[in-house]
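> Using the sequences and the hints given, assemble the complete structure.
Protein chains: 2
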Amino acid sequence: MATTQLNGTPYTPFPEDEYRQRVARTREKMLEQGIDVLLACDPASINYLSGYDGYSFYVHQSIMLIQEVEWPLWVGRAQDLNGARFTSVLPEANLIGYPDEFVQSTEQHPMEFICTLLRERGLHKASIGVDADNYYFSGKSLGILRAQTEGKVVDVGLLLNRVRTVKSLREIAYIEQAAQISDLTMQQAIDMVEPGVRQCDVAAEILKTQVAGTAEFGGDYPAIMPLMPSGPTATCPHVTWRDIPFQAETVSVVEISGVRHHYHAPLTRTLYLGTPPSEIRRTADVVVEGIDRALSSAAPGALARDVHAAWNTVINRHGIYKESRCGYSIGLGYPPDWGEHTVSLRAGDETVLEPNMTIHFMPGIWMEDWGISISETIRITEEGSVALCGFPRQLLSK
Amino acid sequence: MATTQLNGTPYTPFPEDEYRQRVARTREKMLEQGIDVLLACDPASINYLSGYDGYSFYVHQSIMLIQEVEWPLWVGRAQDLNGARFTSVLPEANLIGYPDEFVQSTEQHPMEFICTLLRERGLHKASIGVDADNYYFSGKSLGILRAQTEGKVVDVGLLLNRVRTVKSLREIAYIEQAAQISDLTMQQAIDMVEPGVRQCDVAAEILKTQVAGTAEFGGDYPAIMPLMPSGPTATCPHVTWRDIPFQAETVSVVEISGVRHHYHAPLTRTLYLGTPPSEIRRTADVVVEGIDRALSSAAPGALARDVHAAWNTVINRHGIYKESRCGYSIGLGYPPDWGEHTVSLRAGDETVLEPNMTIHFMPGIWMEDWGISISETIRITEEGSVALCGFPRQLLSK
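Heads up: the sequence lines are chains A and B, in that order.
Here the numbering used here is used: the first residue of the first sequence is 69, the next is one more, and so on.
Here the numbering used here is used: the first residue of the second sequence is 69, the next is one more, and so on.
These aren't lab readings, by the way, just hints derived from the structure by calculation.
No experiment lies behind these values; they were computed from the predicted model shown.
Be aware that a few hints might be false.
Identical copies carry no separate label here, and so any pair may be met within one copy or between two of them.
[Stated by the list, open to error] Below, simulated SDA-like cross-link-like pairs (lysine to any residue); rule was C-alpha separation at most 25 Å, straight line:
| hint | residue 1 | residue 2 |
| --- | --- | --- |
| 1 | 390 | 173 |
| 2 | 220 | 176 |
| 3 | 193 | 211 |
| 4 | 220 | 417 |
| 5 | 390 | 176 |
| 6 | 235 | 416 |
| 7 | 390 | 165 |
| 8 | 220 | 264 |
| 9 | 193 | 389 |
| 10 | 220 | 266 |
| 11 | 466 | 437 |
| 12 | 466 | 265 |
| 13 | 97 | 174 |
| 14 | 390 | 127 |
| 15 | 97 | 316 |
| 16 | 97 | 343 |
| 17 | 97 | 435 |
| 18 | 466 | 353 |
Written out as structure tokens, the structure reads:
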């Protein structure tokens with residue numbers, strides 16, 4: 069199994085040294101912003117800095133990176149300490165569990181436990197960096213942290229996500245494996261969609277293929293469930309499935325991602341059941357032309373907004389206008405998002421693209437009563453960019 | 069299809085009147101606490117009050133229940149307005165979309181949009197209730213709301229979750245359907261686990277069965293992915309799966325939930341591959357005795373802590389001690405949790421049990437190097453309680 073071949077410890081997908089480098093790069097960014105302690109609650113950030121992996125993020129947990137301490141501390145529910153022992157590279161002394169009375173209690177909050185811990189370690193006057201807009205860092209958490217420490221609590225926003233944005237070659241290898249799973253999954257979905265087949269039965273096969281992966285490597289759960297706008301909901305980008313059947317002479321969109329060790333490679337295609345009307349065919353041709361143009365503009369040194377502009381130039385020339393962003397940075401992710409929240413391909417984004425950034429180029433077009441979505445996961449290379457999935461880039465019909 | 073049979077609108081699983089009753093009950097609770105506007109960001113709460121359903125909760129969205137306005141406002145990304153039109157019972161005037169520039173931007177935050185909206189409606193001096201510890205209400209959101217309104221922002225905590233805790237008969241019917249799917253899914257998992265079979269292949273079949281449901285009704289995605297502690301990770305309650313094989317002469321735990329319209333019925337069983345050692349068999353017998361005792365103590369009028377005490381009495385008499393809670397309220401849920409965060413079966417919880425509460429009785433026992441988990445979803449009835457799944461309540465072996 070690839071998991072066990074990569075390194076000596078069976079339960080981390082990367083060798084210890086990779087985590088060490090991530091910690092070092094994060095520390096540098098902390099230093100630049102004068103942060104003594106980084107407190108990160110996003111499961112992807114916890115995984116990134118330690119390897120920790122478990123569906124335990126429905127309770128409060130965090131990784132605490134202290135400038136003077138070699139490895140970060142993992143702070144979570146005591147029940148999950150064994151999970152941290154098995155899945156992380158952290159030494160035993162760095163694993164700290166809080167008692168179960170803190171779980172979903174109105175009387176005690178895990179952030180109080182963390183504040184006590186900070187005090188015990190003489191860090192209550194430190195400058196503490198947090199991502200104040202993360203799903204896993206609630207308003208209450210921020211309030212308690214501010215009230216029970218004496219230093220400065222700094223919203224460092226996406227500091228750690230920015231470290232995550234440029235991938236290592238090992239990370240790229242997993243995203244390429246995820247892309248293989250995406251291709252398999254999309255083929256499965258397209259083969260199966262027929263008038264009269266229930267949406268839930270197609271979703272079931274999609275999830276099975278995503279999770280089983282290939283004979284060589286297994287898949288993981290996606291941070292976003294299969295999105296399946298279809299027929300009357302074809303204009304609703306984020307609907308999932310119901311137990312209603314697909315309908316002839318309608319558009320169906322399938323947006324999925326293969327996943328390998330929580331690394332994603334999203335892929336979207338649109339299928340018409342029947343002979344597509346000429347308006348839909350023409351629009352699809354414009355979308356494909358726009359993607360081709362945008363992808364050839366995506367290269368090291370280009371700005372995120374340049375890629376958006378390349379896309380926009382093509383579609384606007386054909387009288388199509390789209391208000392939303394046409395892509396975003398992706399990689400390691402847990403529910404509810406496979407996006408990294410850093411780079412967005414839109415007018416205002418001045419991010420300079422670098423080799424081994426990975427981006428979901430997702431230019432969904434949502435018309436009055438139908439939609440077209442064709443998307444690609446791309447890797448910025450030394451020379452330009454490359455799409456990681458191999459699925460035909462076109463409107464599909466059957 | 070059950071979806072379309074239940075009422076006139078094809079995309080809400082309940083008739084409009086059920087949502088109307090939920091709104092009315094929530095309004096009463098708001099009144100008791102002097103709340104003019106309830107701002108809820110949890111996707112389950114949004115769904116509960118409006119029907120809205122989409123995997124769009126990776127961006128900020130909310131439901132805003134105003135005392136004087138008949139239906140709540142849905143405030144989300146403009147791209148998701150069509151999704152709200154199709155899946156919610158809300159009138160068009162109550163659907164409000166924010167422009168895409170607000171999405172994952174460092175310059176503009178959706179909560180600023182909401183504050184503007186409150187000002188426009190003359191509600192910026194109102195008493196605004198929020199659940200400050202929800203996953204989907206970040207520290208930054210609370211900060212902006214406090215800074216940009218002039219009234220009182222009140223942390224009402226689980227106000228809405230408490231309304232959700234007692235189910236209607238229609239909700240019970242969906243949880244019963246979810247329990248049917250749980251039984252099918254568990255059977256599939258137990259049939260498939262064998263030494264040498266990859267964990268990911270079993271997880272794939274589990275997800276397929278969860279999502280396909282039955283021929284009569286489809287399944288949905290679970291808020292918690294299949295938990296599969298096994299062999300060396302059998303002591304780690306929240307690990308999922310890898311592409312490593314199951315091993316002979318080890319314990320495997322499977323914790324899953326069937327899901328119907330986002331209503332859950334979790335179920336856990338433990339399987340020993342081989343002949344279980346006597347210590348494991350004896351412990352399983354104690355667990356089953358403890359569950360039987362606890363379930364017969366769960367009845368209207370009993371306190372949550374009474375059920376915990378009944379369980380504890382049995383296991384302590386056999387020299388087994390467990391620190392964590394042994395169950396919690398469940399129902400409508402989106403990632404990352406199927407729990408409602410209200411009732412916990414533990415020493416301090418004085419909640420009085422009422423008919424049509426639904427609880428995941430989950431007494432996981434985690435030993436030094438193995439674990440036993442057998443769990444049941446129960447419904448509190450008029451007379452006592454009933455387990456909703458039919459799967460044999462015992463240690464399994466093969």
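> Each hint should be assessed against the structure and marked as holding or not.
We went through each hint and held it up to the structure:
With identical chains, the CA atoms of residue 390 and residue 173 are at most 25 Å apart between copies only, with a shortest distance of 18 Å across copies and 45 Å within one. Taking the shortest Cα distances, residue 220 and residue 176 sit within 25 Å of each other both inside one copy (23 Å) and across copies (24 Å). Proximity of residue 193 to residue 211 under the C-alpha cut-off of 25 Å is found in both arrangements, the shortest distances being 16 Å within a copy and 22 Å between copies. Taking identical chains as interchangeable, the C-alpha atoms of residue 220 and residue 417 are never at most 25 Å apart, the minima being 29 Å within one chain and 36 Å between chains.
Taking the closest pair of Cα atoms, residue 390 and residue 176 come within 25 Å of each other only across two copies (19 Å); inside a single copy the shortest separation is 47 Å, beyond that limit. When the C-alpha separation of residue 235 and residue 416 is checked against a cutoff of 25 Å, the pair qualifies only within one copy, where the shortest distance is 24 Å, while the shortest distance between copies is 47 Å. Taking the closest pair of Cα atoms, residue 390 and residue 165 come within 25 Å of each other only across two copies (15 Å); inside a single copy the shortest separation is 48 Å, beyond that limit. Taking the shortest alpha-carbon separations for residue 220 and residue 264, neither the intra-copy value of 60 Å nor the inter-copy value of 53 Å comes in at or below 25 Å.
In this homomeric assembly, residue 193 and residue 389 never come within 25 Å of each other (Cα to Cα): the closest approach is 51 Å inside a single copy and 39 Å across copies. In this assembly of identical chains, residue 220 and residue 266 lie within 25 Å of each other by CA distance neither inside one copy nor across copies; the values are 54 Å within and 48 Å between. Taking the shortest Cα distances, residue 466 and residue 437 sit within 25 Å of each other inside one copy (20 Å), while across copies they are farther apart (53 Å). Within a single copy, residue 466 and residue 265 get their C-alpha atoms as close as 14 Å, which meets the 25 Å cut-off; across copies the closest is 36 Å, which misses it.
Taking identical chains as interchangeable, the C-alpha atoms of residue 97 and residue 174 lie at most 25 Å apart only when they sit on different chains, with a minimum of 18 Å there against 36 Å within one chain. Taking the shortest Cα distances, residue 390 and residue 127 sit within 25 Å of each other only across copies (19 Å), while inside one copy they are farther apart (38 Å). Taking identical chains as interchangeable, the C-alpha atoms of residue 97 and residue 316 are never at most 25 Å apart, the minima being 54 Å within one chain and 47 Å between chains. Proximity of residue 97 and residue 343 under a CA criterion of 25 Å is satisfied in neither setting, with 54 Å inside one chain copy and 54 Å between copies.
Within a single copy, residue 97 and residue 435 get their C-alpha atoms no closer than 43 Å, and across copies no closer than 41 Å, so neither meets the 25 Å cut-off. In the homo-oligomer, the alpha carbons of residue 466 and residue 353 lie at most 25 Å apart inside one protomer (17 Å), although the nearest pairing across protomers, at 56 Å, exceeds that limit.
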